[in-house]
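Work out the full structure, taking the sequences as your base and the hints as a guide.
Number of protein chains: 2
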Amino acid sequence: MERIKPHTLSGFMELLPQKQVQFDKIMDTLKRVYSLYGFTALDTPAIEASDVLLAKGGGETEKQIYRFTKGDSDLSLRFDLTVPLAKYVAMHYGELNFPFRRFQIGKVYRGERAQRGRFREFYQADIDVIGDGKLSIYNEAEIPSIIYRAFTQLGLTRFVIRVNNRKILNGFYEIMNLSDLSGDIMRTVDKLDKIGADKVKSILTDDLNISPEDSDAILRFISIKGTNSQVLEALEEYRGKSEVFDKGLEELTAVTKYLSDYGVPESNFAVDLTIARGLDYYTGTVYETTMTDHPEIGSICSGGRYDNLAEYYTDRQLPGVGISIGLTRLFFVLDDCGLLSDNTLTAPADALIIPMTSDLSAAVSLATIFREKGVRTQLYSEDKKFKAKITYASRQNIPFAVFLGEDEIKSGTVSVKDLSDGSQVTMTGQQAAEHILNVINQRYSGAIING
Amino acid sequence: MERIKPHTLSGFMELLPQKQVQFDKIMDTLKRVYSLYGFTALDTPAIEASDVLLAKGGGETEKQIYRFTKGDSDLSLRFDLTVPLAKYVAMHYGELNFPFRRFQIGKVYRGERAQRGRFREFYQADIDVIGDGKLSIYNEAEIPSIIYRAFTQLGLTRFVIRVNNRKILNGFYEIMNLSDLSGDIMRTVDKLDKIGADKVKSILTDDLNISPEDSDAILRFISIKGTNSQVLEALEEYRGKSEVFDKGLEELTAVTKYLSDYGVPESNFAVDLTIARGLDYYTGTVYETTMTDHPEIGSICSGGRYDNLAEYYTDRQLPGVGISIGLTRLFFVLDDCGLLSDNTLTAPADALIIPMTSDLSAAVSLATIFREKGVRTQLYSEDKKFKAKITYASRQNIPFAVFLGEDEIKSGTVSVKDLSDGSQVTMTGQQAAEHILNVINQRYSGAIING
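If you're matching them up, the sequences are chains S and Z in order.
Those letters in the first sequence? Residues 1 to 451, by our numbering.
Those letters in the second sequence? Residues 1 to 451, by our numbering.
By construction, these hints were calculated from the structure, which means they are not laboratory data.
Even glycine gets a Cβ: it sits at the ideal position worked out from N, Cα and C.
One thing to keep in mind: the hints can contain errors.
As the list claims (entries may be wrong) - From the structure, some residues in chain S lie toward chain Z, with a derived Cβ separation under 8 Å:
#1 D24
#2 L42
#3 D51
#4 K70
#5 P99
#6 Q396
Structure, rendered in structure tokens:
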């Protein structure tokens, strides 16, 4: 038979079993945290009609889209979870309750240039709160507090959620009489970290024809630094000159206050005036999240407040606030930086029952007792040498081997071998199940991320 | 602005939040049960290279495949989870441990003709055990016992897992000297339920040129009915005439014995000689599962034993046994038949905190206490009339509203209203969290399926 070489497309993450367990644990933690905050799970199709998906049109993304026809249908794979959410909310407006709080963790597709750490199929993990006409500022604090909780539950400690407010930026440019150029200016100062202050200033003066004085004022404003209260205090100096600015400062102050009420420490949360987010979509609070020891990775979790979720589908005003984790990339980065804990139980089973008799009935009964107690159990039924069976367990990090021979069956006991140290005890099946669960709960109670 | 009418493609299931919760609970139950049996989760790309996905080539499926190009790449969306498994095992052979036990729950794509209850994007939930060269018969009993456990955990009781063995069928045709026609005969008798015995006999005699006596013998064989032990006993009459038959009978007897050891009652498990599965792929035990009260739906869970998982990719022999649930269709059917319990908690939150003060700090602290206790909590922050807030909770079936006003803040208490009966109690935040969890655990302890 002619054989095809099996391969997986480049840019498509496919994990070996133990890594997959780690990935799934991260996903499960996010789901649990999002649920604790009263978000409901959504699942939308990976394929949408192209006219729906591309209603907003244009842009860099369009080239990357997987678009094709099937029969008469012009179809596209979703490239994010926001457009499907907009479609969903516009379609089902009458059946939803607002504020509508949903999370979605799903695969999205972008035919990007293949390179290390870039994925063409990747998971996004999104949370959004959508209002009907209005939405309280409280939500703009709650969203980053959820991310703080999710990351700390995962074991990630060295990260900073950077928060700014677009109204403060827009208001400042209004004060400077530079509103017409605010988009260009923001895109320029967004590059501050990458190209430095001098280069930014020369773009402002040379390309955008802004006076040197105004350019300096912009750079001074953008360079306001310090603790969160110091930054807010510095911003007070600009108050009273622009309604938009004053509103933004009020919002940023409220967000800072509620984040503090939520117990988010300043080491994980910084007011940062350089955060603008490239998209015109955002209108209020904006977020980026960086890993303290790995700034080179860029933002691992971004989002913000927007005024119109679904303007391409409906004339209803649907303001919202949301944030998105690029989960596949984050996992790749964590693994790459050695931040995934190797003290997580990644075995497919807690116990491998090794029957020492050819009839398996007693082993089946024991497996049933174990599973009813919640022990993830495999009954090893293959005809192999004893050593091969133990190797099978230890290579997969299965913590316990459980032997069941004629003697044990007669005496109603089993022999439980702890494969981490080779120690062996004899007890009843019920006791064995409890023993195994106790040891596992103690031994693998740590977080999935070291850092 | 020109607006696009938002719509979801036909044949693509998209659920409203409460239905999505029900769907996810079914998926979570399957994951939990599969994990209890020592299966590890896999996640493979939805897109594969067309040459890999279509290595087996031809057949009905190929027309239904979503196939397209991106740049120079010829790509296809997966149409099942078996071909990706074959690819995965062949690719990662050296890094896996055999028997390799995996489950995968994921979306697959088939561009079928649109009709009610048919889906173009749908979840399959597969479990497979793959051996390296050999695989014990025990696995062929374990697989249906897992399905029994999964379905009963879900609350489904009126179903029958029908089990047969292809070797018994092949052996029988060998005894009849009709081996060359066995494929055609099996495809014909497979239609027995649909077209009746007379029609089957006329196809056998007229189309396949089988003598009327042999046709009767085939129909007699296929019509062996009774309890599992009666069927096995009737099969004993054919023993000793074909090695293949004898091997099949031995296997079917072993499978029946271990299923009984696993406590699977005969009401949920029947030896049924009419089950052949159309695919030549299967070589031993085969399964189909029917809903007792809805035979018209056909099989909701099918599979069997195969000798070569990955012959298109590798010359290693990788025998296995697996079973697949068409989850999206099953959910549609359960919903359609009114079998989804409406006593499941489908609300996005367990408690809605309704602050009665404009400052939300105290409400944030209360929400934190609730969430730390595991109460899924939303803090209602919108500026609405009191009645609208209660309506928001009750329309989403949120069980509890929790009020926090000046008086409560002063006295360190909260008022907890049970929205099912309107009763209200005052207690501390800690007590409230425990009270809410207790009531919820008692009230919503039932299964997701009624039947």
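Check each numbered hint against the structure and report the violated ones by number, ascending. Of the numbered hints given earlier, the structure breaks none, since each of them holds.
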